Amino acid sequence: MIKSFDEIDRLAGQGDPVTIAILAADEREVLLTAQKARERRYITPFLIGQRDTILSLSDDVGFDVSPDGLIEEHDFQRIADTGIDMLFAGEVDIAVKGNIPTSYVYRSVIKHEKSAGGMENISVNTIWDIPGVDHLTNITDTGVNINPDSKTKKSIILNAARTMALFGYQKPRVAILSAYNGINAMLGSFTDARGLQVEMAEGYSDEIELLEETSIAEMLLGEGSGGMNLNRLPHVLLVPHLDAGNIFSKLDFMIDVTRRSFVMSSKGPVIIPSRSDTHEFTTGELAMGVVVSRLLKGRRERA
Amino acid sequence: MKSFRDIIIRAKESPAKPKVALVPGDDITALTPLLTSELADTLVPVLIGDREKINHILDETNSSSRCEIIDIPDIRHALREAVSLVQSRSVEILMQGKIKNTLFRDIVLHPRTGIAVDSTVSHVSILENERTNRLIMITDTMMNEKPTLAQKCSILESAIGLAHVLGIEKPRVAVIAALEYINPLIPSTTDAAIISKMGERHQFGDVVVDGPLDIDCAVSMEASKRKKVMSPVTESADIFLVTDAESGCCFAQVLGFIGRMPMAGILLGAGVPVILNMPSLSPGNRITELAVAKLLSER
Numbered sequence: 001m002i003k004s005f006d007e008i009d010r011l012a013g014q015g016d017p018v019t020i021a022i023l024a025a026d027e028r029e030v031l032l033t034a035q036k037a038r039e040r041r042y043i044t045p046f047l048i049g050q051r052d053t054i055l056s057l058s059d060d061v062g063f064d065v066s067p068d069g070l071i072e073e074h075d076f077q078r079i080a081d082t083g084i085d086m087l088f089a090g091e092v093d094i095a096v097k098g099n100i101p102t103s104y105v106y107r108s109v110i111k112h113e114k115s116a117g118g119m120e121n122i123s124v125n126t127i128w129d130i131p132g133v134d135h136l137t138n139i140t141d142t143g144v145n146i147n148p149d150s151k152t153k154k155s156i157i158l159n160a161a162r163t164m165a166l167f168g169y170q171k172p173r174v175a176i177l178s179a180y181n182g183i184n185a186m187l188g189s190f191t192d193a194r195g196l197q198v199e200m201a202e203g204y205s206d207e208i209e210l211l212e213e214t215s216i217a218e219m220l221l222g223e224g225s226g227g228m229n230l231n232r233l234p235h236v237l238l239v240p241h242l243d244a245g246n247i248f249s250k251l252d253f254m255i256d257v258t259r260r261s262f263v264m265s266s267k268g269p270v271i272i273p274s275r276s277d278t279h280e281f282t283t284g285e286l287a288m289g290v291v292v293s294r295l296l297k298g299r300r301e302r303a
Numbered sequence: 001m002k003s004f005r006d007i008i009i010r011a012k013e014s015p016a017k018p019k020v021a022l023v024p025g026d027d028i029t030a031l032t033p034l035l036t037s038e039l040a041d042t043l044v045p046v047l048i049g050d051r052e053k054i055n056h057i058l059d060e061t062n063s064s065s066r067c068e069i070i071d072i073p074d075i076r077h078a079l080r081e082a083v084s085l086v087q088s089r090s091v092e093i094l095m096q097g098k099i100k101n102t103l104f105r106d107i108v109l110h111p112r113t114g115i116a117v118d119s120t121v122s123h124v125s126i127l128e129n130e131r132t133n134r135l136i137m138i139t140d141t142m143m144n145e146k147p148t149l150a151q152k153c154s155i156l157e158s159a160i161g162l163a164h165v166l167g168i169e170k171p172r173v174a175v176i177a178a179l180e181y182i183n184p185l186i187p188s189t190t191d192a193a194i195i196s197k198m199g200e201r202h203q204f205g206d207v208v209v210d211g212p213l214d215i216d217c218a219v220s221m222e223a224s225k226r227k228k229v230m231s232p233v234t235e236s237a238d239i240f241l242v243t244d245a246e247s248g249c250c251f252a253q254v255l256g257f258i259g260r261m262p263m264a265g266i267l268l269g270a271g272v273p274v275i276l277n278m279p280s281l282s283p284g285n286r287i288t289e290l291a292v293a294k295l296l297s298e299r
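The listed protein sequences correspond, in order, to chains B and U. Using my numbering, the first residue of the first sequence is number 1, and each one after it goes up by one. Using my numbering, the first residue of the second sequence is number 1, and each one after it goes up by one.
You may find that some hints are simply not true.
A few chain U residues that face chain B, going by a derived Cβ cut-off under 8 Å, partial list only [what the hints assert, rightly or not]:
| hint | residue |
| --- | --- |
| 1 | Glu145 |
| 2 | Ala178 |
| 3 | Thr243 |
| 4 | Val254 |
| 5 | Ser280 |
Treat the hints as calculated values from the structure; they're not laboratory data. For clarity, every value in this text was computed on a predicted model and none was experimentally measured. For each residue, glycine too, the CB sits at the ideal point set by N, CA and C.
Build out the structure end to end from the sequences listed, making use of the hints.
Listed below in structure tokens is the structure:
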């Protein structure tokens, strides 16, 4: 079981580099990420975007662009489609968003999943490494589904649980968050939680352990005394909607935790760095993608 | 005030002696800070419930002389009495003891007969950010699932009132949305922009309001620069006005329970400050809630 990002970084540096499509590489911070990840032998990059800008910025940052590794595209949607085409055709192992609005990337992944008969819904896994906690925590969906209904929440839970299974969490503990506590009027998130707890008790009990608690305080307190224990934090936390997920996932800016996010497509991870992330930070996200990609390949080979 | 300690000291120094109604009056966890904390001498507990049970606790702590007791053993009747005391302005603070939340809500917060008729009730979570040595307020963290623009304005006004009580003369407000730019198809971003403009026109008084901001632009100057967003409240917001209760609840719980920031909360917009019964709260933070309520009651 992988318990920390230190382990992820160590694993990413072992083995051969994986191939990666960088969607819109025409930005300095993006190229710095690619350079750093290549130095660490994580990746062999394919840069997609505006050729002249990429070459000029590459000179600036000292990044050696291989002629075979540069694909010229200008339109945002064509850039996203080209990279995701490569991922779905098995030409690259990972795709990462560069200097391009996220919506183009999501649209392309959804389109490819649909035509490949792959995943019903895609969702963003934000993994937190919390100091002193004996496991990783997956907060989901922090990027794609604005107001998921109960059916979508179920698929988000399964996406996250299967992602955690790759890290060795064979039956992850999952909680569905809700602000309902009885003082406020009934909230849709709580109705969904109770419905899913019943629905998923049958058929998914081998895959997940779905907790009854819907508030973080209840989860950490657990039964009996002993106070708050962060090790009781579930392996997967389903947020009620995108607004809540966006806040939750980025609270690493306020508290001592580390974050790495990606979409798990049926063909491999798609890394979605925020525009506010530094290249050092995004290099860590690439390390996560590299490890996920290798674990996914291993699982496919075993199957 | 920059810490929970500052709030308690200010409340202790203040000469007022507000009445605090507690239902049920025999809840030992809620009673303890009322009777034995450093604020005990500055409050008058009004204990509503079973006199016999209440006296049993008071005798043990030698506190009988400082308390008023209203003998109503039936919990529903006790709650109705509390509502009546608030409505007649006979108490200045209401405190929920160990009682089912839904029962408390159905009677005390009843939309026609409760203490908050025709007003927007909201819950503010107050956190002590030791990294930045300042208090932050998040609202609404409980009550409003899908607040309208008008309700968001009321929620903000309540929080601004609280900020003033906590000694923040010119509160800085970050109106949080999922995006830092305005998307006409996403109401949280347009609401945030309108509230921001209202703030600019001084419709909330002497405050600095900015939004929409996503959380990273609100709390990190570095992130904000990388996103090319210049906001006067980045890294300095006293109040975070969030889109809805779900977002607020996540925000506050993560900071309080995973980030281990000291956290207190108070229900506003109900005529008097209301302290809810939160089993997860530490004894120290319960005293902070009493201190906040006391300062609010003096407005």
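Open item on the list: For each hint given before, does the structure comply? Return the numbers of the non-compliant ones in rising order.
Closed with: none
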